[in-house]
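Chains A and B are the protein sequences, given in the same order. Going letter by letter, the first sequence gives residues 1 to 531 in our numbering. Going letter by letter, the second sequence gives residues 1 to 368 in our numbering.
These are calculated hints, taken from the structure and not from any lab test. We put the beta carbon where it would ideally sit given N, CA and C, even for glycine. Careful: at least some of the hints might be erroneous.
Pulled from the structure, derived: some chain B residues nowhere near chain A, Cβ distances all over 10 Å [what the hints assert, rightly or not]:
id	residue
1	51
2	92
3	261
The following label-pair restraints were derived from C-beta to C-beta distances [stated by the list, open to error]:
id	chain 1	residue 1	chain 2	residue 2	range
4	A	339	B	47	45 to 51 Å
5	B	80	A	148	36 to 42 Å
6	B	215	A	148	26 to 32 Å
Listed below, chain by chain, are the residues.
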Amino acid sequence: MPDPGWANTVPPSMAPETQAPPPARAGVDARAGDAPERGAGASPLAPVGQEALVSALKGLLPAHALLWRAEDTTPYECDGLTAYRERPLAVALPETEEQVAAVLAACHRLGVPVVARGAGTGLSGGAMPHAHGVTLSLAKFNRILKIDARARTATVQSGVRNLAISEAAAPHGFYYAPDPSSQIACTIGGNVAENSGGVHCLKYGLTLHNVLQVRGFLSDGTPATFGSLALDAPGLDLLSVVVGSEGMLAVVVEVVVKLTPKPQVARCVMASFSDVRHAGDAVAAIIADGLIPAGLEMMDKPMTAAVEAFVRAGYDLDAAAILLCESDGTPEEVEEEIARMEQVLLRAGATRLETSTSETQRLKFWSGRKNAFPASGRLSPDYMCMDSTIPRARLADMLLAIADMERRYGLRCCNVFHAGDGNLHPLILFDANDPDQLHRCEQFGAEILELSVAMGGTISGEHGVGAEKLNSMCVQFSETERAQMLALKSAFDPQGLLNPGKVIPTLHRCAEYGRMHVKRGALAFPELERF
Amino acid sequence: MNDILIGLAERVRQAAAAKAILRIRGGNTKASMAGVVSDAATLDMRAYTGIVDYAPTELVVTARAGTPLVELERVLAERGQCLPFEPPQFRDAEGRLAGTVGGMVAAGLAGPARAAVGGVRDYVLGALLLDGRGDLMHFGGRVIKNVAGYDVSRLLAGSWGALGAICEVSLKVLPMPVATTTLRFDMRQADALETLHAWAGQPLPLNASVWWRDTLAVRLRGARAAVAAAVDRMGGEHIPDDLGNAFWAGLRDQRDEFFIEARQAAERENSALWRLSLPPTTPVLPSFLDTLIEWGGAQRWIVAGADDTLVMHRAERAGGSAFRVSGGVGDGAGYATPLAPALLAVHKRLRASFDPDGVFVPGRPMRF
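Taking the hints into account, I'd like the entire structure generated from these sequences.
Here you go:
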């Protein structure tokens, strides 16, 4: 895997919280009826030493499946967000479900945090280790257990790669629809943790919409199954919170996914626009016409220039923005849809249209979009990828606002959008060796996220909050809402041992962040209009 | 903030302070399914009504809980859009279609298209929740892709009031299908199931299916060309559109012949109507009094003897669950597959975190 070149340093103000692990409540029975006080996290207690931890885990795993020497645990110190690094006390690589349960039970007894890890491709530091904790790698859970063509499901272990599912399903004429850009490397367990999307989710849904059942363990090692092979299960739909919970509610060992019949044909229209407003309006016009494209992506001019230099696909370098609009299905319906798409795009002011006539040409259209990140990596020593979502109607407003921010912060930004979903990936270019650039980049990114919330959007569309966007959570959610999310975590994990310190910021942190903001005279957040 | 909302929150705070209980109600059309507790005061959500925001090009609508479902669907239809999961509309005691948006989410019920397009929770994007402390909280949002924090709004679909009163919801909506066609086939149950599995594995615009008494009906929905091509390929007898549409609506709202007969039988003959949620490839379950199959085999309505606990065992053995809708002995309606112990503990803690004083009396499926 080439180094994708994520931003690789971080100022102290953005650094994740270092938390001492919560107390081991030895002998205290967490009774089912206990009402967790909303927002009451477990209070810190002296961390367990490495020696005690290793001796507790040693008997539970084969010798090669437990790492604790610095040279062995260092490769696990970060995920795709390399700016955030922490070495765990130990890395456990269980090979059986019994071993997973035993490690969890031991950590539960000792009050040691556990951070589950798949391929480590996440972009928000969700799998960053805990300094006083165990990193639980599910890398060895890499078997595809069953492809059931009649039921159109695949039962796979959580460490199976996303693309491997589609490859295994291909002989049956099926594929697994969600396709995050990292799909050759990322695992289904990681996809479940992040509720990953991809370029086709407007039509085919997110991970949640394509997963039937998730099996794993609660933080104390108790087995638990969420969802079912049927379309619903008794009780609350816990699957809908477990998916996207960033490893904070349960550890997943097996996933049953839905398979989708492979479309017979896919074709893509590439449209150029001389004005980003026209391109934004074209996106709205496509939806207004009743079309749901299989993919609908936008690149701005700087991004197009960057990818053209990288892939030489013949992109229109004069365009202010380029839209890629795809239709898939039977040959008949694709022909019908492509004709409608072309009409709508022309009416919306497209200055140039090109429609793929072969699979080779379609993939060429996509090659630039798919290489947006590495192409940006060639323009600048570092870049920071943002991931907010806004209402589609505000795409042009956002692009113009970003152009203004580029001037104010003195940094360049390339933009790729999952336009169909309103999900933005602005890539802010900077040099991390220059502390001032780094600082400006941080402010630039935070301003994009806050503007996204102000526009009625969200701080993360698909990369997750992890350790990276804790501050921005303070902007999007009120104190009560954040406290309720912490209480929800406690309902699954009363001791707060699974991936603690991620996703939901503490009250204290938000208060600090608020103060910092007022001082800088930036957006005050508590009273933002939003939903 | 809206006065009605302030009033609702105040009601809950007072109830919590007085250790009183409240039953959340919308149109009261699902009261019998929810197992009404008659001595509880009601928190009536109907006054909090209206569509807050609807931008068709965003494919998102935000409505207050008390908005009548018929009103929401009418507004969407004016712009050529719909709720693809076809929430059933039931009648209240006076025979009116009084169901509300809040009730639709709280019950989490979906119609014939469920297997093809997803259920209520798949379309919930955000919600404003009034919890048992009287606090108002937003979860999720108004955009399609959103992974900021836990997705509590989706958890509310089918929660039957267990976590609080749903005050507003944002829903993903979709364009109405360009073409719809209904086909009918004479087929025995086992053949119908196999045929449905085979079709579902092909790129066909299969949107709904139902099998009852050796008749299989399927609905195709999608691009005109796709539906036309599928009709050629699948054969069968074409049902005229008006008849077909009325038939699917009856099935959605559970007022089709099967349901009328099954409910009458449950009252008269000491039998019971069950809903089984099963892995779709579960084979034919033999020897019940009557069976209607939807969702490509994943939802099976069973009429069985009143004391027939075999239904429950069979559903569980197949990897699914059972819910007694009406009739029966013992626990009567609402008798259902229990939660696994580990999940039961999570449910109890979860409910307590939203409603520590137990102010809200949830619907029967959520009484654990």
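(request) Starting from the hint 36 to 42 Å, judge whether the C-beta atoms of residue 80 of chain B and residue 148 of chain A obey it. (result) The hint (36 to 42 Å, Cβ to Cβ) holds, given that residue 80 of chain B and residue 148 of chain A are roughly 37 Å apart.
(message) Minimum C-beta separation from residue 261 of chain B to chain A exceeding 10 Å: can you confirm that?
(response) Non-interface label on residue 261 of chain B holds, nearest chain A Cβ at 25 Å vs cutoff 10 Å.
(request) For the range 45 to 51 Å, tell me whether the beta carbons of residue 339 of chain A and residue 47 of chain B fit it or not. (result) 48 Å, holds
(request) Take a quick look at residue 51 of chain B and tell me if its Cβ sits farther than 10 Å from every Cβ on chain A, holds or violated. (result) Holds: least Cβ distance 13 Å, greater than 10 Å.
(request) Test the statement that residue 92 of chain B is away from the interface with chain A: the closest C-beta pair must be farther apart than 10 Å. (result) 25 Å, holds
(request) Starting from the hint 26 to 32 Å, judge whether the C-beta atoms of residue 215 of chain B and residue 148 of chain A obey it. (result) Between residue 215 of chain B and residue 148 of chain A, where Cβ atoms are some 27 Å apart, the hint holds.
Going through the hint list in order, the structure satisfies each hint without exception.
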